[in-house]
Amino acid sequence: MKTKFKDTEIGMIPEDWKVDKIENYLDKIIDYRGKTPKKSESGVITISAKSIKNGKIDYNQTYFISEETFKKWEVRGKPHVGDILLTTEGPLGEVASYDREDVAIAQRLITLRGKDGKLDNNFLKYYLMSHIGQHQLHLRATGTTVQGIKQSEFRKILILITTIKEQTSIAKILSDLDSKIELLQKQNKTLKAIGQATFKHWFVDFEFPDEEGKPYKSSGGEIVDSETGKIPKGWEVKNLGEFLNVIKGCSYKSEDLKESDKALITLKSINRGGGFNQKGYKEYVGDYKEEQIVKDGDIIVAQTDLTQAAEVIGTPAIVNSLNRYNELIVSLDLQILRIEEKLNKGFAYFLLKTAMFHNHALSYTNGTTVLHLNKNAVPDFKFTLPNENILDKFGKIAEQILEKGDKNEKEVYILSQIRDSLLPKLMSGEIRVKLKNLEIQK
Numbered sequence: 130m131k132t133k134f135k136d137t138e139i140g141m142i143p144e145d146w147k148v149d150k151i152e153n154y155l156d157k158i159i160d161y162r163g164k165t166p167k168k169s170e171s172g173v174i175t176i177s178a179k180s181i182k183n184g185k186i187d188y189n190q191t192y193f194i195s196e197e198t199f200k201k202w203e204v205r206g207k208p209h210v211g212d213i214l215l216t217t218e219g220p221l222g223e224v225a226s227y228d229r230e231d232v233a234i235a236q237r238l239i240t241l242r243g244k245d246g247k248l249d250n251n252f253l254k255y256y257l258m259s260h261i262g263q264h265q266l267h268l269r270a271t272g273t274t275v276q277g278i279k280q281s282e283f284r285k286i287l288i289l290i291t292t293i294k295e296q297t298s299i300a301k302i303l304s305d306l307d308s309k310i311e312l313l314q315k316q317n318k319t320l321k322a323i324g325q326a327t328f329k330h331w332f333v334d335f336e337f338p339d340e341e342g343k344p345y346k347s348s349g350g351e352i353v354d355s356e357t358g359k360i361p362k363g364w365e366v367k368n369l370g371e372f373l374n375v376i377k378g379c380s381y382k383s384e385d386l387k388e389s390d391k392a393l394i395t396l397k398s399i400n401r402g403g404g405f406n407q408k409g410y411k412e413y414v415g416d417y418k419e420e421q422i423v424k425d426g427d428i429i430v431a432q433t434d435l436t437q438a439a440e441v442i443g444t445p446a447i448v449n450s451l452n453r454y455n456e457l458i459v460s461l462d463l464q465i466l467r468i469e470e471k472l473n474k475g476f477a478y479f480l481l482k483t484a485m486f487h488n489h490a491l492s493y494t495n496g497t498t499v500l501h502l503n504k505n506a507v508p509d510f511k512f513t514l515p516n517e518n519i520l521d522k523f524g525k526i527a528e529q530i531l532e533k534g535d536k537n538e539k540e541v542y543i544l545s546q547i548r549d550s551l552l553p554k555l556m557s558g559e560i561r562v563k564l565k566n567l568e569i570q571k
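All residue numbers for the sequence shown refer to the working numbering, where the first residue is 130 and numbers rise by one.
A portion of the hints provided could be inaccurate.
[To be verified] Below 27 Å or equal to it, Euclidean Cα-Cα: the simulated DSS-like pairs (lysine-lysine) are: (1) Lys-424 / Lys-536; (2) Lys-522 / Lys-321; (3) Lys-279 / Lys-182; (4) Lys-207 / Lys-168; (5) Lys-533 / Lys-318; (6) Lys-179 / Lys-157; (7) Lys-294 / Lys-131; (8) Lys-309 / Lys-536; (9) Lys-179 / Lys-168; (10) Lys-279 / Lys-167; (11) Lys-408 / Lys-539; (12) Lys-200 / Lys-179; (13) Lys-387 / Lys-539; (14) Lys-201 / Lys-157; (15) Lys-411 / Lys-482.
[What the hints assert, rightly or not] Computed Cβ-Cβ distance ranges for the label pairs, DEER-style: (16) Lys-318 / Glu-456: 25 to 33 Å; (17) Val-499 / Gln-407: 19 to 27 Å; (18) Lys-408 / Ile-158: 30 to 38 Å; (19) Lys-522 / Lys-157: 53 to 61 Å; (20) Pro-344 / Asp-416: 48 to 56 Å; (21) Asn-518 / Glu-371: 15 to 23 Å.
Rather than coming from a laboratory, the hints here were simulated on the basis of the structure.
Bear in mind that the values here come from a model prediction, so they are computed numbers and not experimental data.
The beta carbon of each residue, even a glycine, is placed where N, CA and C say it ideally should be.
Based on the provided sequences and hints, a complete structural model is requested.
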């Protein structure tokens with residue numbers, strides 16, 4: 130049966146839905162704004178507004194408070210697993226589910242809990258993430274440079290309400306997609322960790338398999354002196370520049386950043402800690418050189434860093450464009466490494482992921498607020514080149530890891546596109562859910 134719609138202050142919604150103030154459907158609002166809890170070197174993990182991003186809690190962006198401080202802080206209210214966290218400023222409108230009870234909630238966050246049988250917490254989360262929910266938040270926000278919302282104003286924002294059964298069904302579709310995305314992302318982290326661990330075991334600890342398949346060094350394999358220390362017999366110390374060409378990125382003007390079937394790969398294309406980020410593209414119509422065109426599988430390296438802890442400088446990523454643009458061009462903040470055949474890409478990539486290379490890169494940087502990598506940093510890096518047999522064996526392992534990672538990344542992108550397409554339509558009732566078997570109908 131075709132859904133009938135009615136006009137409301139939020140827009141067109143299904144006739145059997147309604148618009149109401151959010152406070153009428155909340156059982157609990159715990160507000161953590163005000164004085165910042167004193168930090169500690171250990172104790173209770175504490176989440177702040179900086180910890181909430183893209184619908185998740187980033188536990189790498191947390192700090193500690195003491196048990197004593199936590200007990201005093203907790204008198205404001207104790208959140209439950211499944212409650213919804215909302216950042217109230219700096220930035221406004223980031224949302225995530227509270228997923229463990231052994232953590233504290235700090236400033237610029239409120240915790241929300243829907244009334245049982247009236248508002249599903251996950252539905253609330255996705256509503257606040259949707260463009261309708263975000264618009265409602267910013268309508269009642271104050272501030273110019275930094276926008277924020279007071280609790281008194283938040284209580285007045287409007288929410289779309291349908292039956293609890295439909296709310297739960299809508300949330301399940303979206304959370305199932307998010308779960309699949311998260312699983313694939315975890316797989317990729319595991320794959321990269323396996324690659325890095327294998328690289329270290331073979332080329333740092335020298336426990337690669339010998340002719341009998343036993344760990345080389347601990348099985349008595351011969352170790353000789355070299356200019357960088359002891360290495361396996363038959364291996365050599367080389368400069369990385371002997372095996373690759375470094376291509377400098379393209380400088381550009383802001384007026385050339387226009388809608389196009391071509392795009393720049395920018396510094397935002399490299400994740401902190403490594404990996405390629407699909408959100409780093411800037412569509413581009415300006416000039417560039419042929420050599421600055423990036424191909425899938427190319428290794429790019431960050432030569433600029435804006436992070437306080439120098440987490441990006443010298444960090445590698447392998448380009449996986451997912452065929453989103455006809456042509457990709459590397460920007461000035463990055464460089465392309467063209468690897469020669471005698472040094473396989475997998476070995477080069479995991480070599481650049483080592484702490485040894487990162488420390489080397491840091492010694493080749495200049496600047497204070499913005500770090501810049503010297504053009505000779507990559508070519509000057511000395512490394513231990515294994516014999517051809519071991520290099521090939523590792524190359525095959527690395528190739529499997531990287532290919533699986535690329536496949537997962539493609540699936541993540543497709544699932545993310547599906548979720549982002551469904552979110553506004555499900556949350557507005559444009560797409561309805563058949564409640565018996567959770568099929569989607571339009």
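Quick rundown of the hints versus the structure:
For the hint linking Lys-424 to Lys-536, the alpha-carbon distance of about 16 Å falls within 27 Å, and the restraint holds. Under the criterion of a C-alpha separation no larger than 27 Å, the hint pairing Lys-522 with Lys-321 is consistent with the structure, at around 17 Å. With a CA separation close to 20 Å, the supplied pair Lys-279 and Lys-182 stays within the 27 Å bound. Taking the CA atoms of Lys-207 and Lys-168, the gap is near 19 Å; set against the 27 Å cutoff, the hint holds.
Of the supplied pair hints, the one linking Lys-533 and Lys-318 holds, its CA atoms being roughly 11 Å apart against a limit of 27 Å. A distance of roughly 23 Å separates the Cα atoms of Lys-179 and Lys-157; the hinted pair therefore holds under the 27 Å criterion. Of the pairs offered as hints, the one joining Lys-294 and Lys-131 holds, with about 19 Å between alpha carbons and a cut-off of 27 Å not exceeded. At most 27 Å may separate the alpha-carbon atoms for a hinted pair to count; Lys-309 and Lys-536 meet this at roughly 14 Å.
Restraint check: the Cα-Cα separation between Lys-179 and Lys-168 comes to about 15 Å, which is no more than 27 Å; the hinted pair holds. About 23 Å separates the Cα atoms of Lys-279 and Lys-167, which keeps this hinted pair within 27 Å; it holds. Between the alpha carbons of Lys-408 and Lys-539 the distance comes to roughly 13 Å, so the proposed pair stays at or under 27 Å and holds. This hinted pair checks out: Lys-200 and Lys-179 have alpha carbons roughly 22 Å apart, not beyond 27 Å.
Distance check on the hinted pair: Lys-387 and Lys-539 sit about 26 Å apart at the alpha-carbon level, within 27 Å; holds. Of the pairs offered as hints, the one joining Lys-201 and Lys-157 holds, with about 19 Å between alpha carbons and a cut-off of 27 Å not exceeded. For the suggested pair Lys-411 and Lys-482, the alpha carbons sit about 26 Å apart, so the restraint of at most 27 Å is met. Between Lys-318 and Glu-456 the C-beta distance comes to about 30 Å, which sits within the given range of 25 to 33 Å.
Look at Val-499 against Gln-407: about 24 Å separates their beta carbons, and that is inside 19 to 27 Å. Between Lys-408 and Ile-158, the C-beta spacing of about 32 Å keeps the proposed range 30 to 38 Å intact. The beta-carbon spacing between Lys-522 and Lys-157, approximately 58 Å, falls within the hinted interval of 53 to 61 Å. At roughly 53 Å, the beta-carbon separation of Pro-344 and Asp-416 lies within the given 48 to 56 Å, and the hint holds.
A hinted range of 15 to 23 Å for the beta carbons of Asn-518 and Glu-371 is consistent with their spacing of about 20 Å.
Violated hints: none; the structure is consistent with every hint.
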